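Taking the hints into account, I'd like the entire structure generated from these sequences.
So the protein sequences, as listed, match chains D and X.
Numbering follows the UniProt record's numbering, in which position 70 of the first sequence is assigned residue number 70; successive positions increment by one, without gaps.
Numbering follows the UniProt record's numbering, in which position 16 of the second sequence is assigned residue number 16; successive positions increment by one, without gaps.
Rather than coming from a laboratory, the hints here were simulated on the basis of the structure.
Hints may be right or wrong, so weigh each one.
You can't tell identical chains apart in this list, so a pair holds if it fits in one copy or across any two.
To be verified - Below, in silico cross-link-like pairs of lysine to any residue (SDA-like), each with a Cα-Cα straight-line distance of 25 Å or less: (1) Lys52 x Ala37; (2) Lys88 x Gly14; (3) Lys88 x Gly20; (4) Lys88 x Cys71; (5) Lys22 x Glu85; (6) Lys88 x Glu147; (7) Lys22 x Phe99; (8) Lys88 x Arg15; (9) Lys22 x Arg97; (10) Lys52 x Leu32; (11) Lys22 x Asp143.
Model, not experiment: these values are computed from the prediction.
Number of protein chains: 2
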Amino acid sequence: MYEGAVQDLIDELGRLPGIGPKSAQRIAFHVLSAEAADVERLAHVLTEVKSKVRFCEVCGNVSEGTRCRICLDPRRSDDVLCVVEEAKDVVAIERTREFRGKYHVLGGAINPINGIGPDNLRIRELMTRLADGEVTEVILATDPNIEGEATATYLARMLRGMGIPVSRLASGLPVGGDLEYADEITLGRAFEGRRRIDA
Amino acid sequence: MYEGAVQDLIDELGRLPGIGPKSAQRIAFHVLSAEAADVERLAHVLTEVKSKVRFCEVCGNVSEGTRCRICLDPRRSDDVLCVVEEAKDVVAIERTREFRGKYHVLGGAINPINGIGPDNLRIRELMTRLADGEVTEVILATDPNIEGEATATYLARMLRGMGIPVSRLASGLPVGGDLEYADEITLGRAFEGRRRIDA
Chain D
1 MYEGAVQDLI
11 DELGRLPGIG
21 PKSAQRIAFH
31 VLSAEAADVE
41 RLAHVLTEVK
51 SKVRFCEVCG
61 NVSEGTRCRI
71 CLDPRRSDDV
81 LCVVEEAKDV
91 VAIERTREFR
101 GKYHVLGGAI
111 NPINGIGPDN
121 LRIRELMTRL
131 ADGEVTEVIL
141 ATDPNIEGEA
151 TATYLARMLR
161 GMGIPVSRLA
171 SGLPVGGDLE
181 YADEITLGRA
191 FEGRRRIDA
Chain X
1 MYEGAVQDLI
11 DELGRLPGIG
21 PKSAQRIAFH
31 VLSAEAADVE
41 RLAHVLTEVK
51 SKVRFCEVCG
61 NVSEGTRCRI
71 CLDPRRSDDV
81 LCVVEEAKDV
91 VAIERTREFR
101 GKYHVLGGAI
111 NPINGIGPDN
121 LRIRELMTRL
131 ADGEVTEVIL
141 ATDPNIEGEA
151 TATYLARMLR
161 GMGIPVSRLA
171 SGLPVGGDLE
181 YADEITLGRA
191 FEGRRRIDA
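See the structure below:
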């Protein structure tokens, strides 16, 4: 519809996740009227992120060095290992400031429909990390959906017999939410996981 | 939250219109796992669009040359001029295949709240184009909202006395829509603009 370069940009933007044709057009026109320096900077960070950022050789988190900031942080405990699907999940948990251990990023969840089995995830690396006996608790923090639950169940079975306590993040009502709007599975989990408060 | 380059990319993406922090993060992680060649291509078209694309010196539409494809097209009539706010509107009208005249892109609409007055739009250029008397009809196709209506009213007043018939796109019920869901202003306009079908 547009002339050469504008259409090329709309096409490329439309390949990004969550960007439909309308958004792509909107962004392209924003780029057209933006300062050249701003666009230059965006183009620069796009290529830079590909050349600079790799994955931490220990935990699989995104990192600019061979090891990530968290793995290198001496104030963080090596006793507790929190297993997550993606690097995004590390950031979400870090935001809570509740966890001072280390992470292990699987790089996804078991999803047979998309052809992702245990061998496609960093499970072998997890087993190697746990082999030296330093870790005293493993927290399975995969997503509370079918794939995440399947992955947690698989990992719990793998870890059984290693003598390391394994826990799973609690499911229940989101704080600040409304009980009547909770779906029945979440509400069921909240009942199941209810805690005594009279003690 | 993230290390250097990843956070830089998230920040830059978050400056684009319609991209919130969550989308920016999602796109950044997509970029991290995408093929280097694909990211390179996106970075390339971003800078290329800035260097290649300019605005047509006649109509103000986006163009890779000094004049746009539509202005250069000898099959298009010079008699009818369609005045729009943005280059996007040209594409929308072209899609209808109803219009075979030329365009004039104002570069926005009168919006006192955002400090956009008539002098910030390409109205002087419009007057110059109309001065030679070749145009026999002006269609005001600004948006059917407050700013677009104000701009159309302003232009209609400017053009009065030039002896050129001026029309405005019809307002009414959207085709394929449902009468009961139409807002009262649209429905009011549809009544106002009703057409006899018995003749």
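Against the structure, the hints:
no.	hint	result
1	Lys52 x Ala37	both (21 Å within a copy, 15 Å between copies)
2	Lys88 x Gly14	both (23 Å within a copy, 16 Å between copies)
3	Lys88 x Gly20	both (23 Å within a copy, 15 Å between copies)
4	Lys88 x Cys71	within (16 Å within a copy, 49 Å between copies)
5	Lys22 x Glu85	between (31 Å within a copy, 17 Å between copies)
6	Lys88 x Glu147	within (17 Å within a copy, 42 Å between copies)
7	Lys22 x Phe99	between (41 Å within a copy, 22 Å between copies)
8	Lys88 x Arg15	both (21 Å within a copy, 20 Å between copies)
9	Lys22 x Arg97	between (38 Å within a copy, 20 Å between copies)
10	Lys52 x Leu32	between (28 Å within a copy, 10 Å between copies)
11	Lys22 x Asp143	between (31 Å within a copy, 17 Å between copies)
This entry satisfies every hint, going by the numbered hints stated previously.
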